[in-house]
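Participant: The chain contents come next:
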Amino acid sequence: GQQLNQSPQSMFIQEGEDVSMNCTSSSIFNTWLWYKQDPGEGPVLLIALYKAGELTSNGRLTAQFGITRKDSFLNISASIPSDVGIYFCAGRIQGAQKLVFGQGTRLTINP
Amino acid sequence: GAVVSQHPSWVICKSGTSVKIECRSLDFQATTMFWYRQFPKQSLMLMATSNEGSKATYEQGVEKDKFLINHASLTLSTLTVTSAHPEDSSFYICSARAPGGPGTDTQYFGPGTRLTVL
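Residue numbers (the working numbering), protein chains in the order written: chain S, 119 to 229; chain Z, 1092 to 1209.
Treat each hint with caution, since some may be false.
Claimed, not checked - Take a look, some chain S residues computed to stay more than 10 Å from chain Z by CB distance:
{"hint": "1", "residue": "G134"}
{"hint": "2", "residue": "T142"}
{"hint": "3", "residue": "S145"}
{"hint": "4", "residue": "L151"}
{"hint": "5", "residue": "L173"}
{"hint": "6", "residue": "S195"}
{"hint": "7", "residue": "A196"}
{"hint": "8", "residue": "D201"}
{"hint": "9", "residue": "Q215"}
Claimed, not checked - Distance ranges between label pairs, derived from CB positions:
{"hint": "10", "chain 1": "Z", "residue 1": "F1130", "chain 2": "S", "residue 2": "I131", "range": "40 to 50 Å"}
{"hint": "11", "chain 1": "Z", "residue 1": "A1093", "chain 2": "S", "residue 2": "L173", "range": "16 to 26 Å"}
{"hint": "12", "chain 1": "S", "residue 1": "G213", "chain 2": "Z", "residue 2": "S1106", "range": "35 to 45 Å"}
{"hint": "13", "chain 1": "S", "residue 1": "I131", "chain 2": "Z", "residue 2": "G1144", "range": "40 to 50 Å"}
{"hint": "14", "chain 1": "S", "residue 1": "S138", "chain 2": "Z", "residue 2": "L1159", "range": "38 to 48 Å"}
{"hint": "15", "chain 1": "S", "residue 1": "R178", "chain 2": "Z", "residue 2": "E1113", "range": "28 to 38 Å"}
{"hint": "16", "chain 1": "Z", "residue 1": "T1207", "chain 2": "S", "residue 2": "L173", "range": "35 to 45 Å"}
{"hint": "17", "chain 1": "Z", "residue 1": "S1180", "chain 2": "S", "residue 2": "S128", "range": "21 to 31 Å"}
{"hint": "18", "chain 1": "S", "residue 1": "G213", "chain 2": "Z", "residue 2": "K1157", "range": "21 to 31 Å"}
{"hint": "19", "chain 1": "S", "residue 1": "Q212", "chain 2": "Z", "residue 2": "D1118", "range": "36 to 46 Å"}
{"hint": "20", "chain 1": "Z", "residue 1": "T1171", "chain 2": "S", "residue 2": "V162", "range": "19 to 29 Å"}
{"hint": "21", "chain 1": "S", "residue 1": "A196", "chain 2": "Z", "residue 2": "P1177", "range": "42 to 52 Å"}
{"hint": "22", "chain 1": "Z", "residue 1": "T1108", "chain 2": "S", "residue 2": "G171", "range": "47 to 57 Å"}
{"hint": "23", "chain 1": "S", "residue 1": "A214", "chain 2": "Z", "residue 2": "A1093", "range": "19 to 29 Å"}
Worth flagging that the hints you see were computed from the coordinates, not collected in a lab. The C-beta atom is built at its ideal place from N, Cα and C for all residues, glycine as well.
Full structure from sequences and hints, please.
Facilitator: See the structure below:
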């Protein structure tokens, strides 16, 4: 079945630094979604992407839908302590109901 | 964004009992809901896809008689863990597909239910 490779698996950064993570797939997706999950909580939707090449921002977060439709990245600028958590990418192929999830990127920020 | 609620947020039960978890879309109608299971430090594992008014579609390896799913209305789906055992202890999360324009629907998650089976 489809798989998403998300990297890096973990990041340890200083407060104020920029963060970049990405997901790649062997399949073509028509939807890319980025979520953040805090401990003991459900994932919260950050950004949704629907068109190849689309670049969308949500505050300090920016995500792009890759031109090949097989990848997406998420950038966080000027990180702050509340950015700590696990970030998941998720994709959906055309006609499918279910999402395929990446393994997650655990972000830790040193104050 | 759209709101999905789950109840209860946590439950502790004895081995052999059944537990029901509710998932509600509060401000939109969801024709499709999903149930996931998540182990510590792992990604979400899809258990089943639930369409309103029809039988759920279970992922390979998920016992449909063990994990009963009912999606009786456009805003409510339930997951019942029957005859629960300690190995069923986990974090269960539901999500609902929110309609958008053509090709722009998305998926929102509930806050999760922590199940502990003693």
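Participant: Each hint: holds or not?
Facilitator: Results for each hint:
1. G134: For G134 (chain S), whose nearest Cβ neighbour in chain Z is about 27 Å away, the distance exceeds 10 Å, so it holds.
2. T142: Answer for T142 (chain S): holds, closest chain Z Cβ roughly 15 Å.
3. S145: At roughly 16 Å from the nearest Cβ of chain Z, S145 (chain S) sits farther out than 10 Å, so the non-interface label holds.
4. L151: Violated, since 6 Å does not exceed 10 Å.
5. L173: Holds, because the least Cβ-Cβ distance between L173 (chain S) and chain Z comes to about 16 Å, which exceeds 10 Å.
6. S195: Given a closest Cβ separation of 22 Å, the condition holds.
7. A196: Consistent with the label, A196 (chain S) stays out of reach of chain Z, its closest Cβ about 23 Å off (over 10 Å).
8. D201: holds, 18 Å
9. Q215: violated, 6 Å
10. Z:F1130 <-> S:I131: 40 to 50 Å: Since the Cβ atoms of F1130 (chain Z) and I131 (chain S) sit about 26 Å apart, the hinted range of 40 to 50 Å is violated.
11. Z:A1093 <-> S:L173: 16 to 26 Å: holds, 23 Å
12. S:G213 <-> Z:S1106: 35 to 45 Å: holds, 41 Å
13. S:I131 <-> Z:G1144: 40 to 50 Å: holds, 47 Å
14. S:S138 <-> Z:L1159: 38 to 48 Å: For S138 (chain S) and L1159 (chain Z) the Cβ distance comes to about 43 Å; the hint holds.
15. S:R178 <-> Z:E1113: 28 to 38 Å: holds, 35 Å
16. Z:T1207 <-> S:L173: 35 to 45 Å: Roughly 43 Å apart at Cβ, these two residues keep to the hinted range, so it holds.
17. Z:S1180 <-> S:S128: 21 to 31 Å: holds, 25 Å
18. S:G213 <-> Z:K1157: 21 to 31 Å: Holds, at about 29 Å.
19. S:Q212 <-> Z:D1118: 36 to 46 Å: violated, 27 Å
20. Z:T1171 <-> S:V162: 19 to 29 Å: Hint holds: Cβ distance 26 Å, inside 19 to 29 Å.
21. S:A196 <-> Z:P1177: 42 to 52 Å: holds, 45 Å
22. Z:T1108 <-> S:G171: 47 to 57 Å: holds, 52 Å
23. S:A214 <-> Z:A1093: 19 to 29 Å: holds, 20 Å
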